[in-house]
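In case you want the letters, here they are:
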Amino acid sequence: MFYVKTLSHEIVLEPVHFGQKLRATLVRLLKEQVEGLALANYGYVVNVIEVPEDQIKSGVIEYDTGSVIFTVQYTALLLRPFIHEVLDAVVSQCNPLGFFAFVGPLRIFVSKHSMPEDMFNGFDGEKDAWISDDKEVVIASGSGVRLKIKGRTVEQGNITAIGTIKDNYLGLIDDGEAQGTV
Amino acid sequence: MTTENIVGFVELPSATDKLHCWKVRNGSSVRVGETIGLISKNANESGAGANTSNLEVSVVKSHKRPKRRMRPGDTVVATFEVTTTADSITTNSAVESASASEPKQDLCPLICSTDGILRIGRPPSTTEGQNSATIIGYIVKCLHPTVIEGLCAVCGNSMELLTSNKQAYSPEKVDDSVNMSRVTVAGVTVTISESEGQRMAEEDAERLRSQRKLSLVLDLDHTLVHATNDVRAQQYLHREDVRNLVLPMITVSESGHEQAMLKNNFWMQQHFVKLRPHVKEFLEMALALYEVGVYTAGTREYAEQITIMLARHLVGATRDQPDLEHLRYQVQSAESEFARHEAKSGGNTDQAHDADHADEQGNQAAETTDGKSRKRKRVTFTASKMDEKTDGVTAGKMAEMKQELEGVERLEAEAQEMRQKLFGSRVVSRTDVGDLGRDVKSLKRVFPCGGTMAVVVDDREDVWANAGEVAASTRKGEPPENLLLVRPYHWHRFVGYADVNNAAGFDLTRSQNEGDDESDEQLLWTSDILKRLHTRFYAKNTEDKDKTVADVLRSMRQEVLLGGSLVLSGLIPLHKQKGESNGPRPAVIRYAESLGAKVLPNVTSHTTHVVAAKDGTDKILAARQIPGCFVVKASWLMECIWTLKRSDEGKHLLGPPPQKKLADLPANDSDDDDDDDLVAELENELLNED
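Residue numbers (numbering that gives the first Met the number 0), protein chains in the order written: chain W, 0 to 181; chain V, 0 to 689.
There could be a bad hint or two in this list.
Stated by the list, open to error - What follows is a list of derived Cβ distance ranges for each label pair:
#	chain 1	residue 1	chain 2	residue 2	range
1	V	341	W	49	48 to 56 angstroms
2	W	87	V	315	41 to 49 angstroms
3	W	6	V	198	40 to 48 angstroms
4	V	110	W	6	31 to 39 angstroms
5	V	299	W	18	42 to 50 angstroms
6	W	32	V	408	39 to 47 angstroms
Said to hold, decoys possible - Distance condition first, Cα-Cα at most 20 angstroms in a straight line; then the derived EDC-like pairs of lysine to aspartate or glutamate:
#	chain 1	residue 1	chain 2	residue 2
7	V	212	W	125
8	V	420	W	123
9	W	126	V	202
10	W	126	V	203
11	V	22	W	116
12	V	140	W	116
13	W	126	V	303
14	W	126	V	416
15	V	212	W	123
16	W	126	V	411
17	V	22	W	84
If you are wondering where the hints come from, they were derived from the structure by calculation, not from laboratory data. Quantities reported herein were computed from a predicted structural model and do not represent experimental measurements. Using N, Cα and C, we set each Cβ at its ideal position, and we do this for glycine too.
So that you can see chain V by itself, here it is in the shape it has in the complex (with noise of 0.2 angstroms):
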C-alpha cells in the first residue's frame, strides 16, 4: 500500500471515554457528519476496548441480520464475523460481554469531522502536539479509484472530469494529477485511476501467466466473418456455413445519432453471415493458448449474435435464433394440436377449450420469449391447422419433433457455455465505446495499462492507428505493433453486396480473385503466427517480465525478410516519397521495413527484390540485369505480412524468373526479356556441359 494522505483523525472526546462500537466498517468510505461509531461515557467495562471493530450491537436499536431467504441464519453470521484487520479482535468474547453489559448507558454519537476512508486504528506516525491516546482511528483521502457516470465509486462524490470528445481517449486528469483513463468492461464504460489500472493488468498478467496464456483481441467483419444484409444472398442458406440472423435495423437520425428502431417486428433485418474457411480450427487452437476477446465496429446486439453463432458452429449446431425459434414454436403448436385431437376424440369439449387456450397462452408465450422472429411466420400457423386433418399429428411424430427439440435445446445450451469459456464478458462494441467515433479502436479501452500481452487480430490497421495514444515505440499515425493484419474476407459470391458495419481494410491484392475462395487460408497462416509466438513468449523463464508481446512480434517480423533489400517501384504516389521522419511512413514501406528488409530508392547490385506494381518500368528493367534478383507483385509482401514467413516469391513473380547468378554474365543491350534468358539458358548449360 502506497503511503495514504491522512487528512483526518477520529477522536474520543475526552480520555475517560470509551468506545461502544464502531457503526462503520474499516475502510468504509464516510462524509462529513456521519454517525461513524458510539461512544459509552460511563466508565464501566461496556464490553469493548479501544480497537475493537466489528460487534454485534444489542444496545438501542440493531439492526436485524438480514437472514437469507433460502437458508437459514448461521451462515450469514460466518460471513459478517470474518475480519482481516489487523487490529480487530474476533467477536466471541465481544458478544457475550457485549450482551452482559447494562442495557442503558450513556451514548453519544461519534461525528466524522472530513470526508474519505475510515481506517481503525492508531495512524502510522503522530505528530508530536496530539494526543495519542484518545485518536482511535484516521482518515484518509480517497484515491478514486473506479469513477462510474462522474461518481467515484468508493467515496460517491462526483468528480469532475473533463469529457471534451477529443480526449476521450487521452487520459483525464483530476484533481491531485491522479491519471485516470477510460475502461471498457463486460459492456460498460467506466473510469479508473491510473494505480488501479495498474493493479489489473498485474491482475491478468498473473492470470495469463499462471495459465500459459495470452491475450488475443479479434475483430469479427472481414475477419472472421462475412455479413451482409442484402436479401439477394438468401439464396445461400443452405450451405453449412452461411447463417442467418436477426437484427433490428439501425438509422442514422439526424443528431447523428444511431439508434436501434422499436422492437416492433417491422424493423427487424434478417442478415446473412459467412463464416470465414477454418474458423472452426483457428478458434480452437486459440482456446488452448489464448483468453479471445472480441472488438468489433458492430452494435453490442450484432456482436453478441455472431459470438453465440461462432460458438454454436464449434459445438455442431446448426439452427440459429430464428431456426431455433421457429422450431419451438412448431413443437407447442403441434403439441396443443396433438391435446386437441386428443380431446375431440375423447369427447370432452372442456378439455377442448383448455387446449385451446394453451395453444393462444403458447402463441403469446413465445411471441414475447422471441422479440425477433418476423411476424409473418406467425399468423398463419394457427388458422391453418386447425381447419386441416388434424390426424396428420400423431402420437409417434409428436415424440419425434420432441426429440428433435430436446436434441437442438441441448445442443444450444452447449453453445453458450461454449461461448461463455470462450469470450466470457470480453466483448467490446461499438456502441459500447461510442464516445471514440466510428472508425476508432483503442487498445487502451480494454487493456487500460498498455496490453503487454495482448495481439490483437483485425483487417483494418487504420482505425488502429487512428486512436490518439501510441506507445513509445510506436510512430504517430501509425498501429500499434501488437497488430496482427489479416487479409480482408470478402467471400465471392456475396461480393456486391451492402455492406454491414464497417468496410474491410484496403487489400492490395485485390485485383487478383483467387477463383473458389474455399482456398483462403488466411485463419490457418495467422493460426500458425499465434502458436509461434506463444511458444516464442513462453519459451525462455517466464521470469523475464519485461518481455511484451509487440517485442516478440518484432523480433519475428524481422526474422522474415532479413537481410533483404527491396525497391518499390510503381507504388508509392511521387508525393509521398519524400518521407517525414516524424509522420506516418507509407503503408508499404512499413510493411517491409518492419520484416527486416530494407528499402532503397534506387537498384543497386545488392537488391533482392523489386515490387512493382506493374511490368516495365525502368527499375524493373535494371533490376532483371542483376542475378538473382526477383521482380515480384505485391501480393508477395502482403502474403509475407500475413503469414510472417517468407513466401515463396515464384508463385508472385511478375514476369519471368530471375537470371540464375553465374560468374560473368554479359551485359546486354537487348529489351526482350524473353532473349535474356534464352541466352542465360544456353549460357548455363554451355557452363554445365564444360
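With the rest of the complex left out, here is chain W (with noise of 0.2 angstroms):
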C-alpha cells in the first residue's frame, strides 16, 4: 500500500526563478510536478516527504533555452496496489459487469466473476446496487468493502487495477456513506 523510497526528479528552471529562493522554489516546483502523479512501478506519489539540501547539486545550464536542470534526489510518500494485497476501498459506481472502488486516487475494478456466487446475479439496475441472494450484503455506491487485489496496470497516468471480494473475510464491511477513512 504505502510506503517510502527515494525518487530523483529532473526540474527545469527557467532563469526568472534565479536568485535568492532558488531552493525554496525547486521544492515547491518539485511539490507541484510530482504529488498526485503516478509513476510507472512505483505507483502514486501522494506527498513529497523531505528533499535533503545537500542533494540539490548544480544545475546544468541548457544552451538553446538558457534553463537550467536541477536533477533533485527526494524521499516521496508512494502509494501502489501490490498484487494479493487487501484493502479496504469506497465504491464509487455500479454497473451491471461489476463495480468500481477508489482507494484514494486508486481505481479498483471488481467484476462480477470476482464476486462470490451468491452475487453473481444480484445486480439490481434500478438501485444501481450488487445485492446477495439472502438481501444480507448490498454494495451501492458508497459502501466500504474489503477487496484483493490480483492484477495492475499504468494507463493514461491512472492506475487501475483488478480486484476480487470471492475469498473468505472478503466483501461489504461498511454500508453508507462517508468514512473518509481510506
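Once you've looked at the hints, go ahead and assemble the two chains, each given alone in its own frame, into the complex.
Structure below.
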C-alpha cells in the first residue's frame, strides 16, 4: 500500500527564478509537479516528504533555452497496489459488469466473476447496487468493501487494478456513506 | 458450462496428508506460486476431509472477520458461510472440530502450480496415469470474460490486445481465437469475450421479455431537442419548452483531442434547449413499453444534463440547474439576512457576527456545491443587501421563500427519480466511445450480441452506417434495419444559430417550411410506430425466439407501399444511377425499396407514383398520361418513411392530381396540363350522365 522511497526528478528552472529563493522554488516546483502523479512501477506519489538540501547539486545549463536542469533527489510517500494485497476501498459506481471502488486515487474494478456465487446475479438496475441472494449484503455507491488485488496496470497516468471479493473475509464492511478513512 | 480446459491439478504431496483448509475459494483465480491451502502432515483428525471448502481458520494467524461498522458481526457470518459448490459441506460441524483440534500442528503450504481458476473437487475425467486419491482440485483456464484497460477482470493478467484505431469496433482476437468485442456499459468501455456478450444478451432478452418490453435507443440532438449555445436564444427563455443549462465550453486543442476547460467559472457556457413538441407524450409511451436508453454525439455532461431536463419536463418541474441554484442561494442569503436582522433588533452583536459568518459560509458552500453558476451572479448580492433596508425580509416572506424552495426541491428529487427510472445507466455519449471517432455510432457497443430486441430512433442514418460492423442482412454502407429515421428537428426561431454537437441529418423536405412548427408531429408518428412494433412483436407467442426487431420492422415497412411502383425524377444524379449491386443504394431508392415499392427507371403503364424534385420533366409528362398515377414531391416519400404509413398523396402533389381511371382515355398531344384535366372532367361528366 504505502511505502517510502527515494526518487529523483528533473526540474527545468527558468532564469526568472534564479536568486535567493532558488532552493525554495525548486522544492515548491517539485511538489507541484510530482505530487499526485502516477509513476509506472512506483505508484502514486502521495506526498514529498523531504528534499535533503545537500542533495540538490548544481544544475546544468541548457544551451538552447537558457534554462537550468536540476536533478533533485527526494523521498516520497508512494501508494501502490501490490498483487494479493487486501485493501479497504470505497465503492464509487456499480454497473452490470461489476463495480468500481477507489482507494484514494487508485481505481479498482471488481467484476461479477470475482464476487461470491450468491452475488453473481445480484445486480439491481433500479438501485444500481449489487445485492446478495439473501439480501443481506448490499454493495452500492458509497459502501466500504474489503477486497484483494489481483492485478494492476498503469495507463494514461492512472493506475487501475483488478480486485476480488470472492475469498473468505472479503466483501462489504460498511454500508452507507462517508467513511473518509481510506 | 462449457467443457473447461484443465491446465493443472492440485495434488497433495503424499497420500497420508490431509488438507487442513483452503485459502482460496472455489472459482477464484490463482497464480503460480500462490499458497492456496494448508496441509497437515499429521494423520490425526484435524477436522476437515479432503473436500472441505470454507473453514473458519482458527490456527496460526486468523483473519479477523470484517465486522460491519454499522451492524454487529452476526449477519456477516451468515454471508460468508453460504456456499453453493456441489462438493462443500456446511460448516457447523467443521467449526466445532476445528476449534477442538490441537493448536500446534505441522502445517505446510500447498502451492499452486499454474495460473488459472481453481476448482475444488475431483476433476471430471482423470487420465489413467494419475493417482486420483491425492488430487483434490484442478485448475482450469481463465476465459477472460471481461477485460478492462488491458487487464482480465478475473485473473488479473494483462492481455495483449490489438488496439489499432481502425479496429476499434471490430472483434479483436486474443489468444486461442476467442473473439472479444468492446462494449460500453454505464459510461465505461470494457472489452468482453463473446460468450460473456452472449450471456449478457440472453439476460437482457429474458428481462425484457418478462416485462414485455423492448429496448429503445434514442438520439438527442435534433431528434428530441434542438440545442444551441448562441446568446440570441436567451430571449426565448420565458417559454415553457425552452430551457437553459450551463456546460463547460469545449475547445479543440492542437492534438485534436477535446478537453473540457477548467471548471473555472469563466469557461462555462450557457446553452439553450428547445424541446420538440409532444416529447412528453412520447416519453411517457416509451416508459410503458420500452427500456429507454440514450446514445448521443454530445459529451457525457451534456447527455446527463439533457436527460435530467427531460425528466424534469415529465414531472413538471420548470427550474433547471442554474435557476435551482440561484433559488437556493437566494433563500440562503435571505435566511442569513433575516438572522442578522433579528440579531440587530435583539441588540446582540455576537449573534450578528455569527450571522455574518454563517452568511460567508453559506456563500462558500453555495459556491462549492454548485460549480456551474456564473460568477457574475454571485458577487453583487451580499454587498448590496447589507446596505439595503433589512426590514424587507420579514418572517412571512421567509416562510414563503422556504416553502417555494421546498416545493422546488421536491420536484427536483422526483425528477431525479424519474430520470433513473427512464434511462437508468443506459446513457452512451461521445466521450464514452471516444475511440470510435466523431461521426460513428455503433450499436454493437451497447448491444454486443446484435441488439435483436432494440430499436434506434435517430435523425441521422449515416453515423450508424459508418460503423464497420454490419448485420448479416444489411448491405455494406447502409444503416442497420432496426433504425427508425425521424425528421430532423429545427426550431424555426433557432434557425441560423450555432449548432451544438452534430449537425442534423439530411432532410429532403428542407425547403418547405411548415410555418409555425408546433405542428411538428414527428414524435407522435414515431410513438405510433413504436406502439405498433411492440404489439406486433409480442402478438404471437413469445416462444418464437428467432424473431428480431429488425425482422418485424422490415415486414412492417414492406406493407406500406406494397404493390407500389415508383419512378424517381430529378432526385438521383446521373453518375449514381448505375447502381452497383454490392455498394450502398442511394438513400431515396433505399427508402422506396424498404417500403415495399419497386423502383423502375422508366414510366410504364403500371407506375403508381412518380416522385420528383421539380415539375415539367419528361417522366412527369409521361406519367400524367397514365390514369391513377400520382405525381408527388419527395416529401411524400419522406413522410411515408417517417410515419411508416402510406401518406396521403393529396398533401404532396406536384402539380394537379392524377387523372381518374377511365375505360378509354383519349391520347392527348397538348402540353397543357390544365386542358387535359378539363377534358377529363368533361368526359367524366358526360360518362356519368349516360
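Take the C-alpha atoms of residue 212 (chain V) and residue 123 (chain W), compute the straight-line distance between them, and say whether it is at most 20 angstroms. With a Cα-Cα distance of about 17 angstroms, the restraint between residue 212 (chain V) and residue 123 (chain W) holds, given a limit of 20 angstroms.
Hey, residue 126 (chain W) versus residue 202 (chain V), does the alpha-carbon distance stay inside 20 angstroms? holds, 18 angstroms
Below or equal to 20 angstroms on CA atoms is what counts here, so check residue 140 (chain V) against residue 116 (chain W). holds, 19 angstroms
Given the hinted pair residue 212 (chain V) and residue 125 (chain W), is their Cα-Cα distance within 20 angstroms? With a Cα-Cα distance of about 16 angstroms, the restraint between residue 212 (chain V) and residue 125 (chain W) holds, given a limit of 20 angstroms.
Please work out if residue 126 (chain W) and residue 411 (chain V) have their alpha carbons no farther apart than 20 angstroms. Judged against 20 angstroms, a Cα distance of about 18 angstroms means the pair holds.
Assess, step by step, whether the Cα of residue 126 (chain W) is no farther than 20 angstroms from the Cα of residue 303 (chain V), and give holds or violated. Holds, at roughly 18 angstroms.
Sort out whether residue 123 (chain W) lies within 20 angstroms of residue 420 (chain V), counting only the CA atoms. holds, 12 angstroms
Given the hinted pair residue 126 (chain W) and residue 203 (chain V), is their alpha-carbon gap at most 20 angstroms? Judged against 20 angstroms, a Cα distance of about 17 angstroms means the pair holds.
Using the beta carbons of residue 299 (chain V) and residue 18 (chain W), state whether their distance is inside 42 to 50 angstroms or not. holds, 46 angstroms
Against the range 31 to 39 angstroms, how does the distance between the Cβ atoms of residue 110 (chain V) and residue 6 (chain W) compare: consistent or not? The hinted range 31 to 39 angstroms holds for residue 110 (chain V) and residue 6 (chain W), with Cβ atoms some 34 angstroms apart.
Mind checking the alpha carbons of residue 22 (chain V) and residue 116 (chain W) for me, to see if they're no more than 20 angstroms apart? With a Cα-Cα distance of about 17 angstroms, the restraint between residue 22 (chain V) and residue 116 (chain W) holds, given a limit of 20 angstroms.
Is it true that the C-beta distance of residue 6 (chain W) to residue 198 (chain V) lies inside 40 to 48 angstroms, as the hint says? Taking Cβ atoms as reference, residue 6 (chain W) and residue 198 (chain V) lie about 45 angstroms apart, which means the hint holds.
In this structure, none of the earlier numbered hints is contradicted; all agree with it.
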